[in-house]
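Colleague: Below are the chains, spelled out letter by letter.
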Amino acid sequence: MRTNTVVKNIIKPNQSLGWKRFTKQKYLHFFVWVGMLFLLVFAYTPMFGILMAFKNYSITTGISGIFTSEWVGLKYFKEFYNDYRFYDIVRNTLALSFLKVIFTFPVPILFAIMLNEVKNMAFKRFVQTASYLPHFISWVVVLGLAFTFLSSDVGLINKLLVSLGLAEKSIPFLTGSSYFWGLAISTAVWKEAGWWAIIFLASIAGISPTLYEAAQIDGAGRLARIWHITLPGIKGTVVVVLILTIGSILGGGLIGSNFDQAYLFGNVSNNSTSEIVQTYAFKMGLAQGRYSYAAAIDLFQSVISVILIFSANYLAKKTSGQGLF
Amino acid sequence: MLKRKSVEDVVVDVVIYLVLSVILFATLYPFYYLLITSFNSGKDTLLGGSYLWPSSFTLENYAMFFSRPEWLTALFVSVGRTIIGAVSGVLFTCLVAYGLSHKDLMFKKFYFVVIIFAMYFSGGLIPYYVVLRSLGLLDTFGVYIIPSLLNTFFLLIAISFFREIPQELKESAYIDGANEFTVFYKIVLPVSKPLLATMSLFIGVGQWNSWVDSAYFVTSDSLRTLTYRMIEIINRSRVPQDAIAHAAGSGVTSYSLQVTAMVVSVVPILCVYPFLQKYFVQGIMLGSVKE
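Chains as they are written, first to last, in the working numbering: chain A, 862 to 1186; chain B, 108 to 398.
Calculated directly from the structure, the hints in this document are not laboratory data. Don't be surprised by glycine CBs; every beta carbon is placed ideally from N, CA and C. Fair warning: there could be bad hints in the mix.
[Claimed, not checked] With a Cα cut of at most 30 Å, we get these calculated BS3-like pairs of lysine-lysine:
| # | chain 1 | residue 1 | chain 2 | residue 2 |
| --- | --- | --- | --- | --- |
| 1 | A | K1179 | B | K215 |
| 2 | A | K1179 | B | K216 |
| 3 | B | K210 | A | K1178 |
| 4 | A | K1178 | B | K215 |
| 5 | B | K385 | B | K216 |
| 6 | B | K210 | A | K885 |
| 7 | B | K216 | A | K881 |
| 8 | B | K277 | A | K881 |
| 9 | A | K1178 | B | K216 |
| 10 | B | K112 | A | K985 |
| 11 | A | K1096 | A | K1179 |
| 12 | A | K881 | B | K293 |
| 13 | B | K300 | A | K885 |
[Unchecked claim] Far from chain A, by Cβ distances over 12 Å, these chain B residues were calculated:
| # | residue |
| --- | --- |
| 14 | E177 |
| 15 | G187 |
| 16 | H209 |
| 17 | P273 |
| 18 | A304 |
| 19 | S307 |
| 20 | S357 |
Looking at chain B on its own, in the form it has when it is part of the complex (with noise of 0.2 Å):
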């Protein structure tokens, strides 16, 4: 259609791109100060100044952040939670979801209300804590990984990815004598590769940002993690002398070492969270509307 713009059409342009502009630095600038500030020499930071690059270039945040043990174990213990969290969590899920894709299965209504009503109602974080100590999961690094093997959410959203999955690749690997666990090994994960990626990075993002189970859970500081360490020195650098007093003789205070461990906390999210947003739109239909 070769038409002119109208005014109106000229207005609505300008105002959407305009307001859009303004979202978009106030999301990302953040992200970006964190980086520069990161860069540059804490005490300079300090002087104010530096807002599009670092004034004073210096790696020492990183290096004293990479160097003192708490962090390194924290950094340890965050990323072990997230893999190994991300590994079971993935598989328990899918080999419940398999169970309940078969449209045949007996009781499987009563098993979908067990599911559903377990979605809905919690007890409450108290009678939970008190489960985890019987359970002797307090102060333990399983208490990261056992309580959150099983995602309902996904545990919906692979149930019907399962279903989908062609009966006949499945009847060909019965006749050969196949049981249910080697078809699930061998033919459904396989085949819900796609499904298994984004299922692994979301809820390895999950582990990697959860900060309660670390604060409360766990007592021991081999056992703390990054999101921990963040809480805990942002509300040290809450008190000014302290944010300047830090590590004498270097430039690095307590506050750019809280920078430079934001962005060590977000940089891997930046590397993974574009691929997150599939199955989203459908998870939010399947929870919302059931059978």
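Pulled out of the complex, with its shape left as it was, chain A reads as follows (with noise of 0.2 Å):
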């Protein structure tokens, strides 16, 4: 960081001429104002907004209700409490959240493994183009490629396993609760692993070919070098984006989206396990008008994603010596 000490030693004599640097610099704050009075709009002022949790609230009154509006403390907190699905609902986040993570957090590296080792470069730009392709898909289409292969009438998948005699009749993957979870990982590893796996790909790409030579010199089979070199080589991009990942595992993790599955493939059948956090709070919000208990359901979420972002950030820089922030 020796420049960054040179630029300050240049810098700190005109410190005192403050304002003639900020006027030198008068179209660049502008520039950056306009964006910070999107994020006070934008970002900002939905924070501010929590404050409807804690409130009656009413939709009419607008932004300045959310300050004026009477005070009830933690009546709706109580109330998501005491809601005879509390408990369905933050066992499915939960459940959803760390299952999905620890089944598509592996996913993408073992397929960058396996892609890197394949010598042919066409087949493996091949692959690798098109296991991305599910990224910039819509889960509106994923929903739609869903009811394709899987629903009990037109469903591919359930022709195929009743015809070849591996199901007696058609598998309710999309209304039966039981298959809720399931569907939402296999979905989400479908869709989202090869786009994870360039990130471990480029990681590989900077293990220097000459460990391998060596090691294949002395005798190291394929095995024994994804397991002693690849492996090893990759542990720091691995463990930044497992942090990335918790922190934002309620959400999804990075595979993301667990309000657009649990809303989309959502139904009256599979309610039972599907309905999560968020969905419920934008259906009291949005679809009820209960603006301040959806506010609580919310801000009940977003308390524990804070809590785990900061574990995270914790661990992190304990085993690895760098975090988020």
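Two chains, each in its own frame: build the complex with the hints.
Modeller: See the structure below:
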């Protein structure tokens, strides 16, 4: 960081001329302020809006109503806690989040390692490019594809299972409550594994080829080379991605989109396993107009998320010396 | 090295090629199946059996799709929000990034704290909805564009990109009497074309795929997007009778129309997505390890 101290030494004498420096940068500050104004309106105002979770807020009073409405303390939190669906919803949120991380996190790593072992460059590039196509497809299209392949009446996989005699009748993948978590995990893997493999492939590409040559001369086989060179080589990247994932675990990790999945794949029949905190808050708020209650439910999840972000950050700093902030 | 392949080598190769081929098939076949189904008569599809090519080739589905006013409007809205959203998002994000990219900008630390805090914490959907409502954005086209003007992920990438632009390029313009806005417009943007291209594609794809805003922030039929109409028709074809009984007299079913809409939604992405992985790795690293 020598350049930094040099810059500081040059700037220091000018610091007394703060106003002059500021006016010289006035356009730059204007650009930045436009951005700050945007964040104030669309990021920070909603943060203050959280207050409505502790108040009897009515939507007709607009933004100022958030501050002027009457305080009700923890009323809505207690109501959520006593909601007959509270247990189910919290269980679903946690189960979906943790299961998804456990099952989806290793897949891109394995996939990247396998791709790296492919010597035929054309095949490698083709598989890799194809694999991250689903990442850019809307969850709505994935819902349509799931309908095409998994539904009880037109679903191709169901037809196949029945005709091969592996199932007696169509399996209700999309409507059975016992299938929802599996459905969410497998569609998440299908959609995102190829995309997250990119980052691990980049990390593998950074490993020096001489290590592999040396190991080969020492008689290490393919698997031994993967185990002793590739895996240790990408450890740093794996840790960083894991921290980021844990920080956003309740949203579904980096693989993301618990909300999209629970909302789009959720229906009356699998409701008992597909309703999560976010979708419930969404329905209470936007569908039923119970804004304060919905904000309280949302805040409940945000508090847990913040705790997770800070613990992930703390753990990261302890174990690898680098953190998110 | 003229070494014979060991048994281990062969086994590893076979397993890897096998697994990767399965992955390749599982990724691409669904899209291929959509494509052939969209060119197959809807009634024929319901009978089953067309898995490799359309057994009863027809353009009826597309003819129906492009003649229905609700689909045409949805397509128009989706294309509109994609183009306008991408252009405005890129320009806005780059402008803010340019301001922040100056190494000796005053209050830089403060600005960065504001941005990073906003990246990690949010007020949640309900207060956000209240803000949109108070601004009068609900049920307007603006609700697709204005709240997504600033993209914090690309803000960080653009800042680091702009920092790499040689200072001399800008210096010469300053000497000619150009102000920051001119420098941004005439020098910084033109030399950042690769960044701008990736950014606009990325933001554009996000706009194209977005569905929550169209489902909940607008109510007029004239503002619904393609994604919204797809949700609608998918939920409708969940009822089997309805999947069959669509448009008497033609071979088009609600299901074949749904598949056609899905193809229309996927094809533009198929054309651009290989260009979108640029900056991704760098962006993740920027997002995780900040100065």
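Colleague: For each hint, tell me whether it holds in the structure or not.
Modeller: Here is how each hint holds up against the structure:
no. : hint                 : verdict
1   : K1179(A) to K215(B)  : holds (28 Å)
2   : K1179(A) to K216(B)  : holds (25 Å)
3   : K210(B) to K1178(A)  : holds (27 Å)
4   : K1178(A) to K215(B)  : holds (25 Å)
5   : K385(B) to K216(B)   : holds (28 Å)
6   : K210(B) to K885(A)   : holds (14 Å)
7   : K216(B) to K881(A)   : holds (19 Å)
8   : K277(B) to K881(A)   : holds (20 Å)
9   : K1178(A) to K216(B)  : holds (22 Å)
10  : K112(B) to K985(A)   : holds (20 Å)
11  : K1096(A) to K1179(A) : holds (15 Å)
12  : K881(A) to K293(B)   : holds (26 Å)
13  : K300(B) to K885(A)   : holds (28 Å)
14  : E177                 : holds (16 Å)
15  : G187                 : holds (17 Å)
16  : H209                 : violated (6 Å)
17  : P273                 : holds (15 Å)
18  : A304                 : holds (16 Å)
19  : S307                 : holds (14 Å)
20  : S357                 : holds (19 Å)
Figure legend: structure checked against the earlier numbered hints; the only hint not met is number 16.
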